[in-house]
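For the record, the sequence lines run as chains F and W.
Its first residue numbered 0, the first sequence is counted upward by one per residue in numbering that gives the first Met the number 0.
Its first residue numbered 0, the second sequence is counted upward by one per residue in numbering that gives the first Met the number 0.
Just so you know, not all the hints are guaranteed correct.
Repeated chains share a single entry, so a pair holds when one copy, or any two copies, can fit it.
Here are the simulated lysine-lysine pairs, BS3-like style, with alpha carbons at most 30 angstroms apart [to be verified]:
#	residue 1	residue 2
1	K309	K72
2	K240	K274
3	K309	K222
4	K222	K240
5	K154	K273
No lab work stands behind these hints: they were computed from the structure.
Source: prediction; values computed, not measured.
There are 2 protein chains.
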Amino acid sequence: MSLAEQVLEGNIRAAARLMRDIDDSRPQAIEELKLLYPHTGNAYIVGITGPPGAGKSTLVDQLTASFRTQGKKVGVVAIDPTSPFTGGAILGDRIRMNRHSCDEGVFIRSLATRGSLGGLSRSTSDVALVMDALGMDIIIIETVGVGQDEVDIVKEAHTTCVVMVPGLGDDIQAIKAGILEIGDIFVVNKADRDGADRTARELCTMLEMRQVVTGSWNPQVMKTEAQRGTGIDELTAEILKHREFLFDSGSITDFLRERNQRHFMDILRDTLFKKALACMSDKGSIDRIVDGMINRRIDPYSAVEDVVTKMMPEFKR
Amino acid sequence: MSLAEQVLEGNIRAAARLMRDIDDSRPQAIEELKLLYPHTGNAYIVGITGPPGAGKSTLVDQLTASFRTQGKKVGVVAIDPTSPFTGGAILGDRIRMNRHSCDEGVFIRSLATRGSLGGLSRSTSDVALVMDALGMDIIIIETVGVGQDEVDIVKEAHTTCVVMVPGLGDDIQAIKAGILEIGDIFVVNKADRDGADRTARELCTMLEMRQVVTGSWNPQVMKTEAQRGTGIDELTAEILKHREFLFDSGSITDFLRERNQRHFMDILRDTLFKKALACMSDKGSIDRIVDGMINRRIDPYSAVEDVVTKMMPEFKR
């Protein structure tokens, strides 16, 4: 029985193995994903993003528990930036999720940001696809939102929650300028801290100042204390309210069109590049080009054009 | 006279125009870059990275002044993440650089992280190439180091300085775990603040614990107060010391090989994708694929394989 068939039967070990194959970029993984594809598209994806230290992991843990009490199966994809400025702390946080480790209705997977050739958003959507096929009703994607990579990942989500926290200092508050456009729901976590009300008020004010198109979604600012579980059910309810809006308003159509087009483009870019590298498998040819570049005898733009013209002969100018 | 020729004559306006053309992905820009390429490879590239609020912009400003007193021409590429979690604050910082605005020996260029199709590291290296051709002796690349994108950018630099700052809180200090490998020099800025000595000592300890290969570079921890200019000349001297090491030890050979290979690969990936899109210019064909994906009648992996097989016929399995 193929891995894909086992995944469709709900086999968690098979899902984990397929995700490892995806990580390792094994060609066989693509064949399995093809088999899974027709059976997917059912999961609802929730994105949780925000600066380091906002308490996202704890919030995800609580949301998971909340959705579980509603009988929903929950998948979690946690993006662990092993790259410079986070690393250890976030991997450590994952340990907290252990209370769900005996629950067959919860599937947690960490993704490292380093070394994902096809791009992190590509790996994230492939992993989410496997969780979808495995029968997860809700998939939570948690990411430290700072770079363009993370914004791309957030675009996967039907509903994006931006998590802020009071008192992270001016530098981090300056952050707020750019986030208004990506959040469907804003969460001020650690709401027991000094300054929580001020942070929430400031967010509200900034949201009110925006140009609002009639009939569009109106993002709310919610307060939570994830550590104690305060405000979690309200947040879950707001997520489901946004879901209802997406479907009732018909916005879901544009959303799906954009997301699927992005997937196609990502896979296209990745596949073209891999095929080109396979074609240049005569490793010497790359070395010769690089040598020429170092000596400035040849420039990379012309070298690439030569290679591409040979590979895609119809595209000569 | 072509833009490239004007740039080679030191025409700053021409350089600015070419950079705009690069931003806008005009095909003509590639032709100009080809003409510039043989005349480049002379500039020394310094990377400055660190978390938001570490005072990087001020430090870059001071370094620029310091290199100027040595008679060197200085280019600055500042990566402004217009994407979520920074934005305004960083653009604002740029204003400080104005004291160099009448100095023909300084060329400053901000790059937005958003919407750079070929990837930010690609735009950064193209812009650095123009500055190199313009005759800049030193090119400083300043980036908020958090995501994979920024790590890729830092790889452009001959010497990478990682800037830390005391008292940014535990979450941000946890950051330190992953940065040891990318820094050639570590800078504790705002060294007048409480905890500066502790931060410096911790960094030293972490550096000492590393496995050190004999004959490899031994990164120092420097203290600066960029605001007052304290420690800047020492930092400049250390950068030049690292440069000497690169050349004397022969490490420069591997560095150049890696960098040039990466450039070639980046341009290859980008060009292949653009040609493929041009080939699918019958926009309807993409729409048909996306529709099929939404209805789960076709999967993107097979659709991409079909397209790629048509474009690169020799790569049928």
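Verification of the hints:
When the C-alpha separation of K309 and K72 is checked against a cutoff of 30 angstroms, the pair qualifies neither within a copy, at 50 angstroms, nor between copies, at 41 angstroms. With identical chains, the CA atoms of K240 and K274 are never at most 30 angstroms apart, being 44 angstroms at best within one copy and 43 angstroms at best between copies. Neither within a single protomer nor between protomers do K309 and K222 lie at most 30 angstroms apart by alpha-carbon distance, with minima of 58 angstroms and 53 angstroms respectively. For the homomeric pair K222 and K240, the shortest alpha-carbon distance inside one copy (17 angstroms) is at most 30 angstroms, but the shortest distance between copies (52 angstroms) is not.
In the homo-oligomer, the alpha carbons of K154 and K273 lie at most 30 angstroms apart both inside one protomer (25 angstroms) and across protomers (22 angstroms), since each shortest distance falls under that limit.
Of the numbered hints listed earlier, those contradicted by the structure are 1, 2 and 3.
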